[in-house]
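Participant: Take the sequences, apply the hints, and build the full model.
Protein chains in written order, with our numbering: chain A, 1 to 285; chain B, 1 to 732; chain C, 1 to 231.
Please keep in mind that the hints were generated in silico from the structure rather than gathered at the bench. One thing to keep in mind: the hints can contain errors.
Stated by the list, open to error - Simulated restraints, written as ranges between beta carbons of each label pair:
#, chain 1, residue 1, chain 2, residue 2, range
1, A, Ile130, C, Asp56, 53 to 61 Å
2, A, Asn156, B, Val542, 46 to 54 Å
3, C, Val131, B, Glu493, 55 to 63 Å
4, C, Glu183, A, Lys245, 30 to 38 Å
5, B, Val617, A, Leu268, 29 to 37 Å
Unchecked claim - Okay, the calculated bits of chain A under chain B, using three or more residues with CB under 8 Å as the criterion:
#, segment
6, 52-63
7, 116-124
8, 215-225
9, 260-266
Beta carbons are placed, not taken as given, at the ideal position from N, Cα and C, and that holds for glycine.
The chain contents come next:
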Amino acid sequence: MSVSNLLENWAQVRHEHPINDKPHDPYKWAMAIDLDACTGCNACSVACYAENNLPVVGREKFQHGQQMHWMRVERYWDEDGREFPDQGFQFLPMMMCQQCEAAPCETVCPVAATNHTADGLNSQIYNRCIGSRYCSANCPFKVRYFNWYDYPTTDNVWPAEMTQQLNPDVSVRGKGVMEKCTFCVQRLSAAKVVAKGEGRIVREGEVQTACQQACPTGAISFGNLVNPESRVHKQWEAQQVVLDKDKQEKDEKEERAVLRGYRILEELRAYPSVMYLERVRESAV
Amino acid sequence: MIDSGIDRRDFLKVLGWSGAAVALSGCGNTSIEDGKETVVSYVEANDYMVPGIGVYFNSTCAQCDAGCSINGRIREGRVLKLEGNPDSAINKGKLCGLGQAGVQHHYNPDRVREPLLRKGNKGEAISWDKAYALIAEKMAGVQGDEIALLSGGVSGHLKVLLGNYLDSLNTKNHFVYEAVAPGVVRAANQKAYGVEMPRYRLDKAKVILSFGADFLGAWVSPVHFSQQYAQFRKGVDGQRGVLVQVESKMTLTGANADRWLAVKPGTEGVLALGIINALGTAAGEVADLVKEYSLVRVSRETGVSVSQIEKVTALLKMRSPSLVLAGSAAEGYAHGSQNAAAINLLNQVLGNVGKTIEAPVSVPFPQMVPSKGNTAALKKFNDGLSAGKYKVVFSFGANPVFTAPGAFKFKDNFAKAGFKVAFAHYLDETALQADLVLPLDSALEDWGTQVPEYLTEGAQINIQQPLMEKLHANTRGVGDIVLALLKQKKSEEYKSYEDYYAYLRSALLQNKGALGGGGADDDTFWTDTLSRGIVKLAGSAVGLTGHQNVAGLKLPAVAEENEHYPLYLIPGVTASLRDGRHTNQPWLQESPDPLTTIVWDSWVEIHPKKATELGIVEGDIVEVTSRTGSVKAQVYIFPGIHPEAVSIPVGRGHDAMGRYAKGYGVNPFQIMDAVFEVETGELAMHETRVKIHKTGQRVLVVKDEGAAGALQMGRKIASRVSTDQIDLSKEV
Amino acid sequence: MYRYLRLPILLVGLFLAVSAYAANNSQPALTTEDGLGPQVQQPIEFPHNRHAGLHDASDPNKGGMEINCQYCHTYARRSAVAGIPPLQKCMGCHNSIDSVKDRPRIKELFKYWEAKKPIPWKKVHDLPDFVRFNHERHVKRFVEQQNRPVQEACGYCHGDVKEMTVARRQKPLAMGWCASCHEKDHPVTAEGGTPVDGQAYWYSFQKPVKTSDSALAPKAKGPNDCWQCHK
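Facilitator: The following block contains the structure:
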């Protein structure tokens, strides 16, 4: 997106994929998250705070729903009225920005501060954002977080030596801008610079997101969906989840599904880039 | 990593911290002011020091005792983030949330920065020379048995040095105390297997039956067990492992179980014996012992249905090897040893010993093996204090004023000691009661070695080294303090060691051969060792010697109902806060509890049925009263708890420790009764009985649960499928 | 009748509020009157012309020494940040140049060295903190892959440094200025460069322009997605 693009043909820029005749070449970043491996331990969430300079808002603001965790581990109850949740809980590891291909947030931004990158990410440009919060209202996953306060200065979220922990590769956001999970774009950027210097594309395993790197059970895979060597590609393929469908063929079939890959709220046609694998429970006990 | 022979103490000497200022100015254009900011520049730079590019150093995580190796990312001289070190067999490149919050321990704004001497109610900053002189003065004429040291678990060279210091003082009063430790299980394992902690192979088991062992949360070595668990779920021979968790209050592990069985508090052993009986494979004395535990009786006493016990038994019969674990919920009763013995017996009957319970390895340096903390030590120390036996007391690595059960009246007894010295990072509750507080380097500034209690493949010694320059000029490493004190006693012997670093270096170099560095020159060996952060040793396997031992195994009759205090109080130990020594790390405070999603506060878990009976709804402030005392906290209606129990998590409720800990939540240790496990003398943490009543106040619970109240409203958000509907064999 | 005035009053009020806000928040001037950055006072008045300038054939004591930019600014080709050479680097040469040791600036340099204190150089080219500018990529692109002379390539953004004493910002370094170059068609093959077919090279550029004349090298515009430069 450049200034001239904006001035000349804004509408086109917002509605077309930047490299529309060669979609996702050579990169399309995507994830696959295995609910059966996830234990709900929250290591990913803390890793995200450390990597992305997320402010700790404190008790009072948390109560007002102003928490800034880009990624939340959701926990659901069973709804069948048993006395005890004797099959454990339903953890949804990591509800974070799903980096939708047709992102509902992008089309409503009045200033084009959030838009699509060539490698299939939903970018958020902090210094372009004017804080209309339309994107957040239009996000079906509720994963966009608004800076209601000036956390670095007036709120003093990083007092004294705490500032030294801040990651210089990530902006510290001021008051009045929207923010969300970036798939650790600073790590992707660094990996791409290395790869470009060597005249190749980023290899599988060369770049990890912070959450993926921390996860003790390896529930998170992240990588380049268009690289057939990548684990993410293989997982999506094995689970027969296709990126640009709003209804997967495997779900149309009459017989019972034996595959556990699914995307959340797929029917809304946002085409999210994150596939989840259903949690498994033993039928014999 | 780094192979040039650089002196690690001189590394990354940079000009100021201007990088931090850059990062903070964040958004807006105001920082484009040419000529205002200073560029980060070096006097001398090594090849690997390139501005804008991170360097990584290995060290050891000090947030808990598991001994995970860490890999710190350093930019322009500041440590930014901790990752796991992939070379460690314990954590294999992974790190839990608690470990990652280690940077907030280092950068914590509430650290103690100067030695503080008590002046009335205030601490006066004094010099280190004065502090050491004061200790020498107080020590003059004091007998050895009038000196005591209370510490958390110690191992490695610090343990050796500490032992030498105590010897020089002629005292044996070293109390190793951990508020949350598997003391009873260790003793039971010693009896059953001949070792305190065998090597559990979760990854080899097809069924895990865990009696309250929260191995995914806060038990022994959670990051390691989590990795094994992932392997276990993928399965041996393609058969996915099945986890059955038996406990009265759901832990994180329970929340991940295929079947979670709510058992009446304290009857874990009964269920174990009942399963042995139902298996019907035992013979001899074992069969005699269990024959009276019929399904009907066991079901009546434990509250677990007959059909469920049958299903679990059938599963154990069908799939072998299995693994049965005794955890903190089973050991927390006065008959904890009996519970643990019954559970270990089940393992033996199932033939798991040698298959999923393996012999551990031991480090070939017995003097460095960890002194394991337990709660019996605190009782002895408290008894000594109460009798006024001690004139000089040292304390570090533990916060007994906060974690001692209320019934101990520890704070009052502590005051009876003559001169109290606390080595502390923060002014916690114990440091506030001390006469002299010596400020410690953070774990990311200090030198040390550590031997983990729970070793995995092969033995290892972990190296702890600074990841950056000291933040505060007047803090000292704990090793440096002990060395300085030791020099007061044996100056001749230790004068050649300028500091603890010099001691450590020479001690490791002396054993170069045994540490795998034979042939290398000293400098190369030393730099290599530091860059790896781990010394891997062959280690000798300790044989498992135990056998099925039923002598003395007798479970008490199920506890009668207590009219005045009808409910069990189960202290919840969470993965992020544990015993509360890290509560002042804001990431942990704001990290939602995985089960309740509550942040920044304590809560009382009550089963919906009990809550309806008592007319309690979520957010009601209730008073929880035991014989020892009472606390008031908000209620969270939680189906994962036995209706006869309530649970309050430990770790919050500090009235000291700085801005992020003080005043948040309540401390259930305060109302804990002094009930002890009969055989080991450990504190029986689950034996406190309480009653609750409504205070009439109600608050909004601060939690991360969605607006729909944690229901999916018919959408497929977090989904579950049962094994008979799925084919896992073709998965990637 | 006030009903009819409500909207105009509101609008006028809003306008006043916004203009008052804008007046209070004026950004510092990006350029001085002569269109360059401000003169920056450095702890040592470093003469770039003496180090990087051209030889003066008539008088060897006057001209420059034609030192390659990358001799001192070595980080630029290895890192996103160009950084400042360590003091050690200055001393490497000046320790053995006796002829200038008595000059005040060199005396100052030795003072820092003996005190083992880094010189607090001031930033001359300061970008906003939300910008991710990568020196390494630009050096690779122009110097290594297209064989442009170093001084020319650095000069695209830094001006003709060999003519300066203390460096002064010559270009606006604002987003529009960056875009003005990224908007242009650039050749995307280079001798010794990476192959076009492998995508790796021109990826992150915009689509190459298709030319009917196959003899002409394909051209593409510079990277244009926001996250390329914004962090």
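Participant: Indicate, hint by hint, whether the structure satisfies it.
Facilitator: Status of the hints after comparison with the structure:
no. : hint                                : in the structure
1   : Ile130(A) <-> Asp56(C): 53 to 61 Å  : holds (55 Å)
2   : Asn156(A) <-> Val542(B): 46 to 54 Å : holds (53 Å)
3   : Val131(C) <-> Glu493(B): 55 to 63 Å : holds (59 Å)
4   : Glu183(C) <-> Lys245(A): 30 to 38 Å : holds (36 Å)
5   : Val617(B) <-> Leu268(A): 29 to 37 Å : holds (35 Å)
6   : 52-63                               : holds (count 7)
7   : 116-124                             : violated (count 0)
8   : 215-225                             : holds (count 5)
9   : 260-266                             : holds (count 4)
Violated hint: 7 only; the structure is consistent with all others.
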